[in-house]
Amino acid sequence: MSFTTMEQLKTIGRELAMGSQGVWGSSKEFLELVKTIGEAKSKAEEERIVLAEIESLKRRIQEPDVPRKKMKEYIMRLVYVEMLGHDASFGYIHAVKMTHDDNLLLKRSGYLAVTLFLNEDHDLIILIINTIQKDLKSDNYLVCCAALTAVCRLINEETIPAVLPQIVELLNHQKELVRKKAVMALHRFFQRSPSTVSHLFPAFQERLCDRDPSVMSAVLCALYDMILVNVKPFKHLVASLVSILKQAVEHRLPKSYDYHRTPAPFVQIKLLKILALLGTGDKAASENMFNVLGDILKRSDSTSNIGNAILYECVRTLTSIYTNPRLLQNAAEITAKFLKSDNHNLKYMGIDALGRLIKITPECAENHQLAVIDCLEDPDDTLKRKTLDLLYKMTKANNVEVIVERMVEYIRNISDNHYKTEISSRVIELAERYAPSNQWFIQTMNQVFEIAGDLVPQKVAHDLMRLIAEGAGEEDEDADSHLRSSAVQAYLQILKEPKLPSILLQVISWVLGEYGIADGSHSAEFIIGKLCDIVATRPGDDKLKGYVVSAITKICAFEKAAGQTVDLIPECVSFIEELYASHSTDLQQRIYEFHAVLKLDRDTIASILPMDASCEDIEVDKDLSFLNSFVESALANGSRPYLSDNERRGMGAMTTLASNNDAGTSSLLRFQPYEKPSIPEPAAALVTASHYSQDAIDQHDIYSSTITVSTSSRAPESSSNDGTRLKLEGVQKKWGRPTYTPEAQVPKNPINISDSVKVSSSAAGKEASSRNSSAPPYTERKQPSQEISAEKKKLAASLFGSKAGETKAKPAAKLQQNGTSKKAPAKPTSPPAPAPAPPPADLLDLSDSLPQIPSVDPVDQLADLISVDSSAATSTTSLVEQVLDAGKVATKGPSPQASLQKDSVSRQVGVTPSGGTNPDLFKDLFG
Amino acid sequence: MIDAVLVMNTQGKPRLAKFYKSLSPVKQQEIVRKVYTGLSSRAEHFCNFVEADEIFGAGTKLVYKHFATLYFVFVIDSGESELGILDLIQVFVETLDSIFKNVCELDIVFNFNKVNTVLDEIVMGGQVVETNSTEIVKSVQEIFK
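Chains A and B are the protein sequences, given in the same order. Here our numbering is used: the first residue of the first sequence is 1, the next is one more, and so on. Here our numbering is used: the first residue of the second sequence is 1001, the next is one more, and so on.
One chain only, chain A, in its complex shape (with noise of 0.2 angstroms):
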């Protein structure tokens, strides 16, 4: 600190030098006030010294006859005190008002004061607006240009309207910096509200023909924007945009647009941006554009950093349009000339690139294979991050145990939430779409769980105790059993660690109840004792409580149902004592039903709440069946049949035409209130149902606790059971369900991805497991150096495995088993391209010789043809509207022996590039 302080005196004394020259120079005041703030040795006592200079600003500023030159100073102080986080919004009326300043500089500096303090929907905003259209109007170019860069920042959707003239006729303005800067301006509006200049496309189109560069490039800016919103209505441009693009590549723009004798660059990328877009699945766009996108591929200049960013926009605009192979193999050449970069900005392109490249053409990932090593343990966080973008993509069977092992390493090491949330769900979808093993799978997921914790949604946990649940989803109920009795080992190992997410601890619960005693191997007592400590580290945590004692409960069901007593150990007693009087009614519901099953007889207990049951289908009897004897014999006593709502309603209608009396006392049914439920001792209810159904009391009652049954979802995060329902009869009714146990309810779950996601898993898991055994480790044919580490190596090999033919077919496979699955990264989405052998109807070639080029460039044609018109090249006829016929023009031009010739003439005639503007630039294109 001292020493920039120091330098920042030094330079002090310098300022004060120069402060004598006055147009410059601040006043002696504001210095004085730099100089104290950069000499604040704490926060507080910066604090002070601004707040005393708002105070005196405040005082000063609202003296009378403040001169002009001094309140500019004054806004300026505001300007750098709001800047440092103070409210100077006491100031801003005069920042307003110095926008109607006549000087130029006092008006320049009142419209930047007031597009750095007010937000386009501050109420000072319209009073503005005046003098933003007078200032439109102005006869000096300047001043509209001070008012058009405001404009961009102050004009909200609601005032538009009123600048929008101004600004339109301001696109034919002599000068080229108002031209430019009213284009702009306009497609600032389209951002703001696309529909207010949607009409103004024409008006656009016409300026990309300006006869200034500069006016053409600003018109770019906007294009790119509108075309991201729709690439329809500028389809047509493409002919055009690829001859500006093949000028500037050919170095025909003026010098003055070079940089670092790099022609145009900026107007190159962003015309390369434009027509990745144009060509994205457009096979005819695309060929259009093969000629000039090799050009730039020869010519930009690979060793500046302007060069390279040409090169790898044209990687770019290769990856997104339609796939010339050749053009492939020249931005796979430039990506691993990047790649091996020592420039971290080069490798960082290039790690993109290839991620690009990679889902055109997987296979090309192998020969970076160590270059990508290098970037994913640098110490450079932005490229590590970018190689796990790149390696989530490259992610297959064979390799998807390296990365997550990676991608989990990182997030252990990052305190970033939203890094640490967004790759965790790649892990996790990784995870479920490549698991090798369910084993593998729950261990990762564990650790997740762990890391991530409460940052992963409640979805993934229910997955994983489904898949516990299901296990491999085959008959092998040993391997299932296995992978169940190393789940609880595992997690009564993980209990031990202290401050556990919890997420985590609610799978935990739900595990050990499910399959904590059922190999035999953990008591009954020392499950129940794990289970209370779970609460007991978390002693607000609802949720989690109602896992515990759902577990608790299935825990003891077991016990009993295995003729066993459980005797339940004091902190669990009084655990549950607790929760008699909960606030939370859930809890409060599952401790009731608790104590309800444990006072059943065995074989009661055996029904309800059999063990590891929790993945059996429910049959919900819709018809009610089971009720069938008991309506018969209700009827048979005399009651009246029953008749759905829709039947009474038709009913009702009847009986005012055919004024029944049968049908009016059945309508009137429906406004009866129920009868009282009677609560029968929960002990001596019979619990299954229909046991139950025999014992009900009335139609209404046997009707309403079959709904509950039905719709109450035991799901423990739902606890959709109103206070209302509270009855002991509907309780027991659903523990009556055979398997109605809480998390039986996921398989219901709409979202069926889950569900292929796990057949897939398993199913990759044999897939990779048997590729595991019989693969070879990868030969390292391609690895240029020898003295690579042996461990990088082995890193290479595990994440890009076997040879592109292996893990072509491989992925093959699975897709067809996986139907359901949705994206599958690595494939390939446009055609695949046939590597070495050239397609005879390729329209690239590389060698340079003009007479080679593909006579069909329809603006050189249209360059020829005017050009022997010199009267037609002067002409003031539409100039749009031969820019917008080029491609029709083309295709009905003369011989192409002919054109070509003329074209090498007229370029030595007509377009000398020379320093400075030159107006007919666009001329041997336009007209």
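Accuracy of the hints is not assured; some may be wrong.
Unchecked claim - Okay, the calculated beta carbon distance ranges per label pair:
1) A:E39 / B:V1026: 45 to 53 angstroms
2) B:S1024 / A:K70: 43 to 51 angstroms
3) A:K794 / B:S1024: 46 to 54 angstroms
4) A:V620 / B:S1041: 54 to 62 angstroms
5) B:E1044 / A:E363: 47 to 55 angstroms
Honestly, the hints are just simulated from the structure, not real lab data. Note that the Cβ used here is the ideal one computed from N, Cα and C, for glycine as well.
On the provided structure of chain A, position chain B as indicated by the hints.
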């Protein structure tokens, strides 16, 4: 598009903060702070890009360059080229350098108005309007004539 241009010194003091999206002053301060923490921990040879999804929303990046006591930071979305912006920062600094004759931090503090004018000539409403240093100097001088 360019979402914001920030210049801050190596102690995190903002020297220029221009946002091309409407944000409340509180939010702006928060962003300046977050950007600074993001940058200050990065070593010199690291790449000049930082993904800023959390600060500015999905797909945004910080492209920055470190000159003496200052960070120049451009916040961009996917519509801009990272390497291109890096050169644009170079253009910006070169322009300041030729206007202030060997620019230093205090030039930027005291000539806030002028620095902003330079930036307005380069970036307008979040789009790059001019990339030629000489042209920019010319129009700025025209304004301050």
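Each hint, compared with the structure:
no., hint, result
1, A:E39 / B:V1026: 45 to 53 angstroms, "violated, 27 angstroms"
2, B:S1024 / A:K70: 43 to 51 angstroms, "violated, 30 angstroms"
3, A:K794 / B:S1024: 46 to 54 angstroms, "holds, 52 angstroms"
4, A:V620 / B:S1041: 54 to 62 angstroms, "holds, 58 angstroms"
5, B:E1044 / A:E363: 47 to 55 angstroms, "violated, 37 angstroms"
Violated hints, listed in ascending order, are 1, 2, 5; each of the other numbered hints is respected by the structure.
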